[in-house]
Amino acid sequence: MYVADLPIRDDLRAAHEATVDCWSRPGTWWTAEERLAIVAEVRRARDADEIPPAWVRASQIEGAVAEDHLLPAAAVDAIWRLTNHPGTLTADWYASVIDGFGDDSAAITPSEYTELVGLVAQANSIDRFADGLALDRPTLPAPVRGEPSRSMPEGAAIHDHWVPTVPSEDKEVVKALSGVPAEKNASFLLGDAQYLPVAEMYDLTADRNALTRVQVELVAARTSKLNECFY
Amino acid sequence: MLLGLSDLSQDAQVSFDVVVGTGDGDGGVTHGQLLARLVGAMWEGDPSTLAAVRDEVTAAMGGDALVDAVAVSANFHMMTRIADGTGTPLERGGIERTAEVRAQIGVDDLVSRRQTDPV
Chain A
1 MYVADLPIRD DLRAAHEATV DCWSRPGTWW TAEERLAIVA EVRRARDADE IPPAWVRASQ
61 IEGAVAEDHL LPAAAVDAIW RLTNHPGTLT ADWYASVIDG FGDDSAAITP SEYTELVGLV
121 AQANSIDRFA DGLALDRPTL PAPVRGEPSR SMPEGAAIHD HWVPTVPSED KEVVKALSGV
181 PAEKNASFLL GDAQYLPVAE MYDLTADRNA LTRVQVELVA ARTSKLNECF Y
Chain B
232 MLLGLSDLSQ DAQVSFDVVV GTGDGDGGVT HGQLLARLVG AMWEGDPSTL AAVRDEVTAA
292 MGGDALVDAV AVSANFHMMT RIADGTGTPL ERGGIERTAE VRAQIGVDDL VSRRQTDPV
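Here the protein sequences come in this chain order: A and B.
Counting from 1, position 190 in the first sequence corresponds to residue 190 in our numbering; the numbering is continuous, with no gaps.
In our numbering, each residue's number is its place in the second sequence (first place is 1) plus 231.
Certain hints may be false.
Simulated DEER-style distance windows between Cβ atoms [to be verified]:
1) Arg13(A) / Gly256(B): 30 to 40 Å
2) Asp11(A) / Thr280(B): 41 to 51 Å
3) Arg145(A) / Gly256(B): 52 to 62 Å
4) Arg13(A) / Thr261(B): 50 to 60 Å
Residues from chain B that face chain A, not an exhaustive set, calculated with beta carbons under 8 Å [to be verified]:
5) Val249
6) Gly263
7) Leu266
8) Gly276
9) Gly293
10) Ala296
11) Ala305
I should point out that these hints are in silico values taken from the structure, not numbers from a laboratory.
Values in this document were obtained by computation on a predicted structure and should not be read as measured data.
Built from N, CA and C at the ideal position, the CB exists for glycine as well.
Next up, chain A with everything else stripped away, as it sits in the complex (with noise of 0.2 Å):
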């Protein structure tokens, strides 16, 4: 993975190699065959000629989603509007995506929702970084072979996020994918080779590689301000 003449990090390589083997294996909820899936329909949502806007569904636009496609049209929909136009998500457009839009055989549940937010989380992070170097995108591997653990932690159900969550002294960002512990610990996987370990990320005299701490978080303001997170 990344050819290339950069100094890119051994931790942060292992961690990028490391997430993409997790996408083409099975997960909690849905298969490696559907979290693949879930990872190469960013890749056209991101890569589409055009982006249409948030109020507008993918799957309702002809040609832009194929109709024979392994995920659920709402999935699809939520896969879109996530990579694109994250800023815009509101309570009613995730009821909506529960809800399959209307239609029954369209809905996913909570759970596999949280399962696919991690996962669209996580591969608009690395084809991010692939494309800020001009790098390719890793390739995605083919589906390891097995069934969805379809195991709900202890604790988990609806708290303070939209999607169930297991109560913890964490902070509420660190508890959104608590519902799905494989997918919180790969996106922290990611979070502490890309950014900080969460165990450093209240030292703020902690400079981190080649970058200060205040050059860290400026990076990071900005790029939650581009993409209108309040959080």
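Fit chain B to the supplied structure of chain A, relying on the hints for placement.
What follows is chain B alone, placed relative to chain A:
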């Protein structure tokens, strides 16, 4: 995602113009404007603009810094989607601590703000 910069700004002379994208200075951060332009180029995705900014960052800060900056930005393309995609609320203490910064950056009117009550 603003908590870190908010806290850091208390000890450093950091201006938030560079975060908002309205100023042409460094905002009190070494190479701040250049880093903000790198983030903007990643956001826009135009290959020629990106290539030019990458060259500038490499010349001014080195290849290690370029990779690290791209990695940090990539990480927040992930974290923002996790936060906004799951309806993550802000901690009430966080809102109070960052109120001034939020006003300066103008995030209080964002759709994502209207959808989550602090806890």
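Violations among the numbered hints, reported as their numbers in ascending order: Hints 2 and 4 contradicted; others consistent.
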